[in-house]
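Participant: In order, the protein sequences belong to chains A and B. Everything in the first sequence is counted per this note's numbering, starting at 1 for the first residue and increasing by one. Everything in the second sequence is counted per this note's numbering, starting at 1 for the first residue and increasing by one.
Because the hints were derived from the structure by calculation, they are not lab data. Honestly, I wouldn't trust all of these hints.
When the alpha-carbon atoms are kept at most 25 Å apart in a straight line, the in silico BS3-like pairs for lysine-lysine are as follows [as the list claims (entries may be wrong)]:
hint : chain 1 : residue 1 : chain 2 : residue 2
1    : A       : K56       : A       : K71
2    : A       : K56       : A       : K68
3    : A       : K54       : A       : K68
4    : A       : K71       : A       : K110
5    : A       : K37       : B       : K57
6    : A       : K110      : A       : K68
7    : A       : K56       : A       : K37
8    : B       : K13       : A       : K5
9    : B       : K57       : A       : K71
To spell it out: a stretch of chain B is covered by chain A in this simulated footprint if at least three of its residues, at any positions, have a beta carbon under 8 Å from a beta carbon of chain A; those stretches are [to be verified]:
hint : region
10   : 17-30
11   : 44-55
Ideal Cβ positions, reconstructed from N, Cα and C, are used throughout, including at glycine.
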Amino acid sequence: DQQVKQNSPSLSVQEGRISILNCDYTNSMFDYFLWYKKYPAEGPTFLISISSIKDKNEDGRFTVFLNKSAKHLSLHIVPSQPGDSAVYFCAASPRKNDMRFGAGTRLTVKP
Amino acid sequence: KAGVTQTPRYLIKTRGQQVTLSCSPISGHRSVSWYQQTPGQGLQFLFEYFSETQRNKGNFPGRFSGRQFSNSRSEMNVSTLELGDSALYLCASSFSLDTGELFFGEGSRLTVL
Numbered sequence: 001d002q003q004v005k006q007n008s009p010s011l012s013v014q015e016g017r018i019s020i021l022n023c024d025y026t027n028s029m030f031d032y033f034l035w036y037k038k039y040p041a042e043g044p045t046f047l048i049s050i051s052s053i054k055d056k057n058e059d060g061r062f063t064v065f066l067n068k069s070a071k072h073l074s075l076h077i078v079p080s081q082p083g084d085s086a087v088y089f090c091a092a093s094p095r096k097n098d099m100r101f102g103a104g105t106r107l108t109v110k111p
Numbered sequence: 001k002a003g004v005t006q007t008p009r010y011l012i013k014t015r016g017q018q019v020t021l022s023c024s025p026i027s028g029h030r031s032v033s034w035y036q037q038t039p040g041q042g043l044q045f046l047f048e049y050f051s052e053t054q055r056n057k058g059n060f061p062g063r064f065s066g067r068q069f070s071n072s073r074s075e076m077n078v079s080t081l082e083l084g085d086s087a088l089y090l091c092a093s094s095f096s097l098d099t100g101e102l103f104f105g106e107g108s109r110l111t112v113l
């Protein structure tokens, strides 16, 4: 039962352009959302989060947008850099525990 | 401070065997959760422990079990291994159950032949 879905397994963008990674969820009880980044041979690392009381959270080049009515969130990376190439996991949870992850999107940023 | 440590990093087993994986959380973290990562399935939640008690459990068969010790270290066990159990098993820790952000270890790569 995939409660968190990342429908694009991969995404390729040119350096300097915007990367947009998408995530959909089905459980209306989810109220806290996060993005993690994973490099090969390393564990995922926390990137950015947003709670359901907000619709946008920004941290440097990374911005997460939340559309609660559509049960959709997205991660924008502007400008994209080759070092951003990694697998990005979307995660969601009710009350910040019992976190559920999507299948991941592999982002490749070409120089 | 030291991060989350998982051992072993790599292991190979045959069908029917069992395996035990270990996770040492960040010092002071009391919550440990386990995830299975396979291609196309992403990170699937196995279980979460806090203060030696299992608080949440994912949708995995009973062959998958775990425990947490008084020092917050955790182990997970998989019995009667199947080929489909080949995956990267990730452990994550957090200070408490509701702090949100998880800190992951590098994972234990299990191959079942």
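Participant: Each hint: holds or not?
Facilitator: So, going through the hints one by one against the coordinates:
no., hint, in the structure
1, A/K56 <-> A/K71, "holds, 14 Å"
2, A/K56 <-> A/K68, "holds, 11 Å"
3, A/K54 <-> A/K68, "holds, 9 Å"
4, A/K71 <-> A/K110, "violated, 30 Å"
5, A/K37 <-> B/K57, "holds, 24 Å"
6, A/K110 <-> A/K68, "violated, 32 Å"
7, A/K56 <-> A/K37, "holds, 19 Å"
8, B/K13 <-> A/K5, "violated, 31 Å"
9, B/K57 <-> A/K71, "holds, 24 Å"
10, 17-30, "violated (count 0)"
11, 44-55, "holds (count 4)"
Hint check: violations occur at hints 4, 6, 8 and 10; the rest are consistent with the structure.
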